[in-house]
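A.B. asks: Use the sequences and the hints to build the structure in full.
Residue numbers (our numbering), protein chains in the order written: chain L, 1 to 593; chain U, 1001 to 1379.
Hints were generated in silico from the structure; no laboratory data involved. Possibly wrong hints are sitting among the right ones.
Now the stretches of chain U that chain L is said to cover, found in silico as 3 or more residues with beta-carbon under 8 angstroms [as the list claims (entries may be wrong)]:
{"no.": "1", "segment": "1077-1084"}
{"no.": "2", "segment": "1135-1148"}
{"no.": "3", "segment": "1178-1187"}
Not close to chain L: a few residues of chain U, all C-beta gaps over 10 angstroms, as computed [what the hints assert, rightly or not]:
{"no.": "4", "residue": "1054"}
{"no.": "5", "residue": "1060"}
{"no.": "6", "residue": "1106"}
{"no.": "7", "residue": "1275"}
{"no.": "8", "residue": "1286"}
{"no.": "9", "residue": "1375"}
By construction, the Cβ of each residue, glycine as well, lies at the ideal position given by its N, Cα and C atoms.
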Amino acid sequence: MSEARENPADGGAEDVLLATALLAVAGRRIGGVVLGEGTEAGMAEAWLACLGELMPEAAVPMMLPHSASLADIDGSLDLAASLAQGVRVHSPGLAARAAGHVVLMRSAGQASPAWLKRLTDVLLPDEGGGAKLVVACDFACDGPWPGAAILSEALALRLDFTGIDHRTLLAPAGWVEEVKAARERLGTVRIDDEAVEGLVGASVALGVASSRADRQAIQLAKAHAAWRGADVVTPEDAAAAVRFSLAHRARRMPAPPQEVDRGPDDEPAEDMTDQTPPPADDPGTKGDDDDDVTGGGEERPIDATAALLPDSVLEIVARGIKRQGGAQPEARRARDGARTARRGRPIGHRRGDPRRDGALHLLATFERAAPWQALRRKLVGGGDGSGSASRRIIILPDDIRVVRCKIDAPSTVIFAVDASGSSALHRMAEAKGAVELLLSRCYVRRDHVAVVAFGGRDARILLPPTRALARARRALAGLPGGGGTPLASGLSVSHRIALGAQRAGHSCLIVVLTDGRANIDIDGVADRARALADAMQWAKRIAGDGIASVLVDTGARPAAKAADLARALDGRYIPLPHAGAHEIAEAVRAAGG
Amino acid sequence: MILKIEGEGADLSALEGETGHSDAFVDRQSRASARTASDGAAAYPFAAIVGQDEMRTALLVAAVDPSVGGVLVLGDRGTGKSTAVRSLAALLPPLEVIEGCAYACDPASGSVCSDCAAHGRDRSRSIGRVPVPMVDLPLGVTEDRVLGGLDLERALAEGVKAFQPGLLARANRGFLYVDEVNLLEDHLVDLLIDVAASGVNIFERDGLSVRHPAKFVLVGSGNPEEGELRPQLLDRFGLAVDVRTPEDIALRVEIVKRRDAYERDRSAFAERFADEQDRIRRRIVDARARLPHVLVPDAVLEASARLCVALGTDGVRGELTLMRAARALAALDGCDEVSMAHARGAAPGALAHRLRRNPLDESGSGVRVARMAGELLGG
Ligand SMILES: [Zn+2]
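C.D. replies: As structure tokens, this is what we get:
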């Protein structure tokens, strides 16, 4: 047994290699793996080669095509073959074809939640057998994946390749045999109740909601034991399972044990200061659900669990929570835009392949084919008018028409809120009232909402585009005030979000709430003249990219600067003193929001 | 043969050839797959589900009185929502059906498919028994597969015009489950809710005219973290319940252990819960028989109406659902009269999702309903 395996390094290539070996041992019992940070093409190839060496069935993974439609997943009628042979020919679905394979999903970051859900349901059914091993990755997508939550519920592992040289991803000598031996031993590995309770306790403490995750953690602990050559799961195995399969799924930091153990008598007074900050003082938990944190506070992690959550694991947890905080499942729908065009309301027909491009438009197809029937029959020969062939319609691929659909373009409303000292002094309360009203309207129309706050030196995305509007409200309620007015940064960040949403096929509206008194330039330097020039420049860029906007002047009196800015934005100008919350909301609606 | 088709209204009867007939084509295959989907022996026993009382109760209420109008289950992924629905379908006593009918028509019902209506009068068809169907509606499904449509395969390969029943047909008299209903396209959701409410699927398209019963309990699941559900969608479900993964470690361990035992030996596991399964089944059967005779005292009716007014739930649907759910609860308890306690128990599931709430108000409306119900439906 090598040193590296006894004491896995904190992250890095050895950690990835150990996880890979465990994956090879546990196989489809743990669903699969997401290749996370630092996955480039070269890295993925190297890692896949390594997995293939340790796990023969992974040597030739089945590639899931980018363009796989739902019909491809479920199986469908093979129209061409059916027409040619005159009998029904079914092309088998992905699940059938994937039997015995490891499935590689290359564009997982661009797939829509609905598509991923269907795929994981088919490939990784939560009940019954037939599960495959899924490897999900995406080289092209560096932002949050819309379907991240679905994948992380289904796949036990998530690998972080940050800082790894892909040339070091080589299975050490002897591992092939050791994996093989471990796989054979796996069936006999036992786990006692204490270890199960420890694992499940860790899962609860980390806010992992899925029972499947609990079961996978147990399987992974068994795999680790088998890998060590042991027959019984020890705390060491359980710790590895928590680190590899639960830490990245965590939705909250576990409650600090001292808080739970606090007694009324044995606590000296000075310790009280330690408890003043809420359990959410970790930066990673910001933006996470409040009730999750409270829930964690009440849960007393049992000793076995506490031992499974050392600081190194908590770091992974904190990173994961931060990542999820930014990973709004609905944030990106780049590829979904193209795909959903197959759905929605039918508005006509066009040429296409029903397996890929949408439902067959039968009438249009026959309409195209009809005039040619006599001629085609002659060409095909055979038709003497008495056989069944004479009643068959000859349809060529060119005739086939599919239903054309239109979906109503989804929209994203970006609130750019001035949180500077000058604005905070004035009418932020009214502005927030207007924002809430707008949010209610967005809610009804299922808009996506993002919140950008600018104040101090720069602008921050308080909330990436999401439909979870309660989060938007929380983001706004907790809006800090004070400092300078980096208006240009606020506009620049909003512009960036708008472009992303536009690429995803959304129509966009930026609602800027400011008094227009910019005094921090785009580089964060306090320079009033530059600040104003930068703000005007970004406003023009927003207008130039065709992004609709509204500027709500939150100053005590309407300001010329704010009105100028609205003109540069080519957007509507609404001075707040003359507008109540309802008027603002109405004006924004009129502007297309 | 030269086929002339002029525009959308063209008559496709020319395609039928000599085998053509206007009766719906019975796709036995799709019936058969509905059967395997709810194969009683394989399903996880309903009685073995740990915790999640609200969801189980809501499902039982819908099983006793499908007219409560569907159940929406909101909660985390991996909490076994689909397992619960599947388990319930498998627990229910098998259905008596007209043998060979693609829609599992009820021989005792006057409302049957056009096929059975045509045959029913001249000759009596034999009666069979099938498990209660539980049909999964996959995301991304096309309207054709839901509603049914022209059987393309037969149309293209044989030139026969026939109706291929869709998922609505397969779900008749059972459950139609939509996982992550918030990810389903809006127009499909609307369609499902409409058919669930009317109990009939009327298909007039592609030169086909088919009408068949589609009475099912629509069960939708949603994950609120994935984006909010439209209010219009929310209040069209009769009942809505939250389901949370237990945070109690002992319960979570029990879930894992039962699941493990189930995977290892399904029949032994089924045996372990057989008595309890029988007890629940009897309870449902008794409740169904009792339901028509369950009375709602005026005092309960009036208090419930006051509750709806106090909560500001729009329209009569909330009140109606509340009464139906309360009656079903009374029937499940073996009572002939609805008590205040039954109404109290039914109130959160029937009303909480109908409150015209501030969408940004995070305090659960269920808590509000329960509190108000405690006040107004006391005693
Ligand atoms: Zn029938």
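A.B. asks: Which of the listed hints are not met by the structure?
C.D. replies: none
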